[in-house]
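> Sequence:
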Amino acid sequence: MSQGKLVTLTRHILEEQTKFPESRGAFTRILWDLTLAFKIVSREVNKAGLVEILGETDDNNVHGETVMKLDRFADDRIFKAMDHGGQLCCMASEECEHLIKIPARFEKGDYVLVFDPLDGSSNIDKNVSIGTIFSIFKRLSGSGDGELADALQAGVKQVGAGYVIYGSSTMLVYTTGHGVNGFTLDPSIGEFLLSHTNMKFPEKCDTYSVNEGH
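Read in my numbering, the sequence shown has 26 at position 26, and its numbers run on one by one without any break.
Simulated from the structure, these hints should not be mistaken for lab results. In this text the structure is predicted, and so the values were computed from the model without any measurement. Note that CB positions come from ideal geometry on N, CA and C, so glycine has one too. Honestly, I wouldn't trust all of these hints.
What the hints assert, rightly or not - Dumping the calculated BS3-like pairs for lysine-lysine here, alpha-carbon to alpha-carbon at most 30 Å:
| # | residue 1 | residue 2 |
| --- | --- | --- |
| 1 | Lys80 | Lys108 |
| 2 | Lys108 | Lys39 |
| 3 | Lys19 | Lys39 |
| 4 | Lys126 | Lys69 |
| 5 | Lys80 | Lys101 |
| 6 | Lys39 | Lys200 |
| 7 | Lys157 | Lys80 |
What the hints assert, rightly or not - Restraint ranges, calculated between C-beta atoms of paired labels, are given here:
| # | residue 1 | residue 2 | range |
| --- | --- | --- | --- |
| 8 | Ser143 | Ser188 | 38 to 46 Å |
| 9 | Gly177 | Gly144 | 23 to 31 Å |
| 10 | Asp206 | His98 | 26 to 34 Å |
| 11 | Asp206 | Ser143 | 21 to 29 Å |
| 12 | Arg24 | Lys204 | 41 to 49 Å |
| 13 | Ser143 | Phe20 | 33 to 41 Å |
| 14 | Glu107 | Val159 | 17 to 25 Å |
| 15 | Pro202 | Glu107 | 16 to 24 Å |
| 16 | Lys101 | Val159 | 33 to 41 Å |
| 17 | Glu212 | Ser188 | 36 to 44 Å |
Put together the whole structure using the sequences plus the hints.
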């Protein structure tokens, strides 16, 4: 990251929004709300060993995996950050068997959020990097509550996607289909700062990684 030009995630999002004159700011609001949730989760991950939030709960998720305490915390914080903004019609989480509805008292929007609140949770107690994965889709159904079909869309229908890595530093990487950019959280000011622009796979590399667990 260049010290001469400090670009916050907020500034970057607003600059990107100006490229789409028809934009009403709904997608921008989604990213803002998500960013708040990521900061809260990052803070809790960093102090997990001190506040007794490590370890397992007594529950299993829909995949039969043991739900970790931090899994539940991250899932809850993302939901609470996103349920009231009026931009989403529903959500879907790896930790929930059913579609997550927006509470009746809140306005329903045109987008769907699909997320894994804390991927790699088996590593939580081992001080290894863990992360959040998210996808955003435009709803297919009409107004009101979202439907299952809204969340079960093909990957090519995504209007935005990204991930957050919580480790020695917290990094957010996201795209809206017009380039991939990475932002690193500066805890001293509580802001994600642009640190990796126009990220791409290298044309040649000596090492690759694949998860053969499934």
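> Which of the listed hints are broken here?
10, 11, 13, 15 and 16
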